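Following the hints, position chain B against chain A.
Now for the letters of each chain:
2 protein chains.
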Amino acid sequence: MVIKRYIMTPGPTPIPSFVNTSMQSLIHHRTDEFRDVIYSCRKMLKEYFQTKNEVAIFTSSGTGAMEASISNTMCAGDKIVTVEGGKFGERWGKIAKSFGIKNIPLKVEYGDYARPEDIKRIIDSEKNIKGVYIQASETSTGTFHPVDEIGIMLKEDYSDILYVVDGITAVGVMDVKPDEWGIDVLISGSQKALMLPPGLSFISVSNKARDFMKRSKLPHYYFDIEGELSKKDTLFTPAITLFLGLKRSLEYILYEEGLRNTIRRHGLLAHAVRESVKAMGLKLLSKRPADSLTAVISPENINSSNIVKIMKDECGVQISNGQGDLKGKIFRISHMGYVDKPDIIMAIGALEIALKKSGYHFSLGQGTQRLLEIFSDG
Amino acid sequence: MVIKRYIMTPGPTPIPSFVNTSMQSLIHHRTDEFRDVIYSCRKMLKEYFQTKNEVAIFTSSGTGAMEASISNTMCAGDKIVTVEGGKFGERWGKIAKSFGIKNIPLKVEYGDYARPEDIKRIIDSEKNIKGVYIQASETSTGTFHPVDEIGIMLKEDYSDILYVVDGITAVGVMDVKPDEWGIDVLISGSQKALMLPPGLSFISVSNKARDFMKRSKLPHYYFDIEGELSKKDTLFTPAITLFLGLKRSLEYILYEEGLRNTIRRHGLLAHAVRESVKAMGLKLLSKRPADSLTAVISPENINSSNIVKIMKDECGVQISNGQGDLKGKIFRISHMGYVDKPDIIMAIGALEIALKKSGYHFSLGQGTQRLLEIFSDG
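Those sequence lines, one after another, are chains A and B. Using our numbering, the letters of the first sequence map in sequence onto residues 74 to 451. Using our numbering, the letters of the second sequence map in sequence onto residues 74 to 451.
Here chain A stands alone, though its shape is the one from the complex (with noise of 0.2 angstroms):
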């Protein structure tokens, strides 16, 4: 049998082949010509992040604008406030805790949202809170944390904490709006829904946060925000393919899809996907699901991890265990980046194989049923 590979994972995500082409071709990266792309990039990079504030470009994964966020603004123990409802609300703790920065988790459970009161509680009881670090979307989970009430509270409480988001799996997927929300900081990443190969980090930063920079004195180099901001060119030698191919993937985004657009696919295919699970009997791990991914608690005395390989051996369709503790407990489908209709009836199809061949006792075909009429209705 012809087994094609289809990637629905959260990150990477599918590349278009046109964003392929685009990355063909070397420029040297100190010419005009390059600058031109950098340029290019930043500005459009802005109206992807739907701010007005610069938006600074590393040669990293998203890590790398995480650390960036803590070593470019605060200072050794200084307290900050980190979300932890999962694997990547954890890792903010992990980097404040190697640069000496005292960080008060807010323990979510896995699935769950966090509420702006419980960071408001810590804030009140804690002295000298001097940044909130969230994820617009936690990807371990698949869960949309309200980014923009807790924004709201700390801009009209807390005007002085600087307000952190990881939005790499939530910008270009969801409507995040930093200016109207306070957030000073949003990172996102290349390999989400800006359908590029991993390597590229993207880190905006307000006056607020720019000032919070002056005063920080957390050594860092390769990470300099203000320092990739003062030039016209990268500070040092960028993932220049993986350049070119932004420029590309943004020029469809904002002027073939429109961002509008791209938002509201994401919309419509993470509702026809929770749509479909649940018909087939399933339930959702999320609280408050992410329009970038679908988590799905795997059935009883399933393990995940025979649905995932079910699904990959069979039909060769790609998606994500649960990470940590929640290996083998639940399953995660993507529908991030350059994802259509077609992809999705095939993901869910796959799907009901794979639950099938796992013993699960459904209806076959009622999750498809479901899906289909979603994507008939208007």
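Please keep in mind that the hints were generated in silico from the structure rather than gathered at the bench. For clarity, every value in this text was computed on a predicted model and none was experimentally measured. Glycine is no exception: its CB is placed at the ideal position from the N, C-alpha and C atoms. Just so you know, not all the hints are guaranteed correct.
[To be verified] Partial list, computed: chain A residues near chain B (C-beta under 10 angstroms):
#1 F131
#2 A141
#3 F172
#4 I225
#5 S232
#6 G262
#7 L273
#8 Y294
#9 T307
#10 I313
#11 I375
#12 Q391
[To be verified] SDA-like mimics (lysine to any residue), calculated; alpha carbons at most 20 angstroms apart, straight line:
#13 A:K281 / A:L291
#14 A:K77 / B:Y79
#15 A:K305 / B:Q396
#16 A:K290 / B:K170
#17 A:K77 / B:E106
#18 A:K382 / B:Q396
#19 B:K77 / A:D191
Only chain B this time, still in chain A's reference frame:
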């Protein structure tokens, strides 16, 4: 006129079509299939680095690995010697300062090379030098420092000092033997002899370096050498497509061309370029030229920017200007990576045209003639 493009810069270097092809598909990074890629790359990198030490891979420019060589091994207040004979040597000092490390620079005139006795003198006059940081090939001046002699001197007299060599434009070009020469930390990058786009850096660490890493307490999270070596996966999402390219380019160098032939080829091409520019009456900047690139002093009253520009505009051949204080005074032709005799013939021809058009007095064809003699020989 058709103007094709020829990249003859000391990074990025030309990418073979078979390497480009290998980067066209995405494999999810948390799969056994990709773990095999990581395993092969690390294994082949050891062979490519000519070392029995482990080699970690970062998604970053080479500067990221340079930073790691300080942030992972030193403690705040430690003292190191930095050999500063050009822009990249000076970078050691900047990184050291960012991390609160005291660096004692050995200032070397641009184009000159470091003498072991000068390093010895600093070590003896300063107390408690913890590390010596140097480039094998200083890319800004095209100079090959005698990292062998320095290494052997350190090994014999100062075995408790960490010896760190940036081999970004040396590994895979010239014979660098970390284990024989006592190099504890050796660094390289993807966009040089490895014929890949920029975006990956590599760092090998000896057992002594790993002992230094145990006592080091400088803050770092993203650039965690021991963390990368402790797992079959990368710590964070890697630049997947570049890893796929890396596997292909290493296979080519090690098992198709053969590393000895690669090094011999670089030696021949470099020799031919040096001889042909000298045949045109030009002078080399370096007293000890590297085989990766040739830095040529621009003729009196001719700004090298002009030569670089004409070569690009007339022939599509991109070479590099000097950097910093050397801008306008030298030009740099790379013969590193996927470069063959015809590339060099074309580059020297284009250079002759540019020199003629810039008003330099010489007998046109002289450089090319010398080049062809060398290439016809044997």
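Against chain B, is A141 of chain A within 10 angstroms by beta-carbon distance? It holds, given that the least Cβ distance between A141 of chain A and chain B is near 9 angstroms, below 10 angstroms.
Hint status (Cβ of F172 of chain A to nearest Cβ of chain B, threshold 10 angstroms): holds, 4 angstroms
Mind checking the alpha carbons of K305 of chain A and Q396 of chain B for me, to see if they're no more than 20 angstroms apart? holds, 16 angstroms
Please verify whether K77 of chain B and D191 of chain A have alpha carbons no more than 20 angstroms apart. violated, 61 angstroms
Should the hint that L273 of chain A touches chain B count as held when the rule is a Cβ pair under 10 angstroms? Constraint on L273 of chain A satisfied, holds at 9 angstroms.
Hint validation: I313 of chain A versus chain B, beta carbon distance must be below 10 angstroms. Holds or violated? Given a least distance of 5 angstroms, the restraint on I313 of chain A holds.
Holds or violated: is there a CB of chain B closer than 10 angstroms to the CB of S232 of chain A? violated, 28 angstroms
Quick one, are K77 of chain A and Y79 of chain B close enough, alpha carbons at most 20 angstroms? Roughly 36 angstroms between the alpha carbons, so the hint for K77 of chain A and Y79 of chain B is violated.
Between the alpha carbons of K281 of chain A and L291 of chain A, is the straight-line distance 20 angstroms or under? Roughly 18 angstroms between the alpha carbons, so the hint for K281 of chain A and L291 of chain A holds.
Holds or violated: K382 of chain A to Q396 of chain B, with C-alpha atoms at most 20 angstroms apart: violated, 53 angstroms
Does the interface hint hold: is G262 of chain A within less than 10 angstroms of chain B, judged Cβ to Cβ? holds, 7 angstroms
Using 10 angstroms as the Cβ threshold, decide whether F131 of chain A counts as touching chain B. holds, 8 angstroms
The earlier numbered hints that this structure contradicts are 4, 5, 11, 14, 18, 19.
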